[in-house]
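Based on the sequences and whatever the hints tell you, model everything.
Counting from 1 along the sequence shown, just add 59 to a position and that's the residue number in my numbering.
Simulated from the structure, these hints should not be mistaken for lab results.
Be careful, since some hints might not be right.
Said to hold, decoys possible - Simulated pairs of lysine to any residue, SDA-like, Cα-Cα distance not exceeding 20 Å:
#, residue 1, residue 2
1, Lys95, Ser119
2, Lys125, Asp72
3, Lys113, Met94
4, Lys125, Gln148
5, Lys95, Arg123
6, Lys95, Ile137
7, Lys133, Glu85
8, Lys125, Ala79
9, Lys150, Leu139
10, Lys95, Asn74
11, Lys141, Ser131
12, Lys125, Glu111
13, Lys133, Ser102
14, Lys125, Ile137
15, Lys150, Ile140
16, Lys80, Lys125
17, Lys80, Glu103
To be verified - Quick list of simulated restraints, FRET-style, between CB atoms:
#, residue 1, residue 2, range
18, Met155, Trp70, 14 to 24 Å
19, Cys117, Gly149, 17 to 27 Å
20, Trp67, Gln144, 16 to 26 Å
21, Pro82, Thr122, 20 to 30 Å
22, Glu76, Asp145, 27 to 37 Å
23, Gln134, Trp70, 34 to 44 Å
24, Lys95, Trp67, 15 to 25 Å
25, Lys141, Met94, 18 to 28 Å
26, Leu84, Met155, 19 to 29 Å
Ideal Cβ positions, reconstructed from N, Cα and C, are used throughout, including at glycine.
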Amino acid sequence: MSNNENAWSDWLDFNDENIAKIPQLEGAFVMHASMKILFIGGSENMRFSIQEKKNESCTSIATRVKFMKTLSYKQITIDLIKDYQDRHQGKMPQCM
Numbered sequence: 060m061s062n063n064e065n066a067w068s069d070w071l072d073f074n075d076e077n078i079a080k081i082p083q084l085e086g087a088f089v090m091h092a093s094m095k096i097l098f099i100g101g102s103e104n105m106r107f108s109i110q111e112k113k114n115e116s117c118t119s120i121a122t123r124v125k126f127m128k129t130l131s132y133k134q135i136t137i138d139l140i141k142d143y144q145d146r147h148q149g150k151m152p153q154c155m
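So, in structure tokens, the structure goes:
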């Protein structure tokens, strides 16, 4: 996992062990299952938010997650969603 701000982590298996390693810091994150993006988000506490997503019916099926520590998580999340929509005929990720 990267310790650098504004650098994406590797894709991590979406399990309790890896979630426990995610920093309790501000950042953006992306979740997928079968190479299909399910959710794009950001928060002031990534670990807490990702753990919550593990308990939601739609995002609980995620198999991988990646994250970026950044104070600009709101703007990065907006940019990622816009990029996703541009590449998917205006559609949002499945769990959004």
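For each hint, the structure was consulted:
Using a Cα cut-off of 20 Å, the hinted pair Lys95 and Ser119 holds, with the two alpha carbons roughly 14 Å apart. Under the criterion of a C-alpha separation no larger than 20 Å, the hint pairing Lys125 with Asp72 is consistent with the structure, at around 9 Å. Between the alpha carbons of Lys113 and Met94 the distance comes to roughly 17 Å, so the proposed pair stays at or under 20 Å and holds. Restraint check: the Cα-Cα separation between Lys125 and Gln148 comes to about 24 Å, which exceeds 20 Å; the hinted pair is violated.
Annotation: proposed proximity of Lys95 to Arg123 holds, straight-line Cα distance about 10 Å (limit 20 Å). For the suggested pair Lys95 and Ile137, the alpha carbons sit about 18 Å apart, so the restraint of at most 20 Å is met. For a cut-off of 20 Å, the pair hint linking Lys133 to Glu85 stands: about 10 Å separates their Cα positions. Of the supplied pair hints, the one linking Lys125 and Ala79 holds, its CA atoms being roughly 13 Å apart against a limit of 20 Å.
A distance of roughly 13 Å separates the Cα atoms of Lys150 and Leu139; the hinted pair therefore holds under the 20 Å criterion. The hinted pair formed by Lys95 and Asn74 meets the criterion: a straight-line CA distance of about 18 Å does not exceed 20 Å. Distance hint between Lys141 and Ser131 is fulfilled; the C-alpha atoms sit about 16 Å from each other, no more than 20 Å. A hinted pair counts as satisfied when its Cα atoms are at most 20 Å apart, and Lys125 with Glu111 qualifies at roughly 15 Å.
This hinted pair checks out: Lys133 and Ser102 have alpha carbons roughly 8 Å apart, not beyond 20 Å. For the suggested pair Lys125 and Ile137, the alpha carbons sit about 16 Å apart, so the restraint of at most 20 Å is met. Among the hinted pairs, Lys150 with Ile140 is consistent with the structure: their alpha-carbon atoms are about 9 Å apart, no more than 20 Å. Taken as a hint, the Lys80 and Lys125 pair is honoured in the structure, with Cα atoms around 12 Å apart against an allowance of 20 Å.
Among the hinted pairs, Lys80 with Glu103 is consistent with the structure: their alpha-carbon atoms are about 16 Å apart, no more than 20 Å. In this structure the supplied range 14 to 24 Å holds for Met155 paired with Trp70, their Cβ-Cβ distance being about 19 Å. Between Cys117 and Gly149 the beta carbons are some 20 Å apart, a value that agrees with the proposed interval 17 to 27 Å. Hint check: Trp67 to Gln144, Cβ distance near 20 Å, so the stated range 16 to 26 Å holds.
For the pair Pro82 and Thr122, the beta carbons lie near 21 Å from each other, so the given range of 20 to 30 Å is met. Evaluation of the 27 to 37 Å hint for Glu76 and Asp145 yields a pass: the beta carbon distance comes to about 35 Å. Hint check: Gln134 to Trp70, Cβ distance near 22 Å, so the stated range 34 to 44 Å is violated. At about 18 Å, the CB distance of Lys95 to Trp67 agrees with the hint of 15 to 25 Å.
A C-beta distance of roughly 20 Å is found between Lys141 and Met94, which places it inside the suggested range of 18 to 28 Å. Distance hint for Leu84 and Met155: a CB-CB separation of about 22 Å, consistent with the stated range 19 to 29 Å.
Checked against the numbered hints above, the structure violates hints 4 and 23; every other hint is satisfied.
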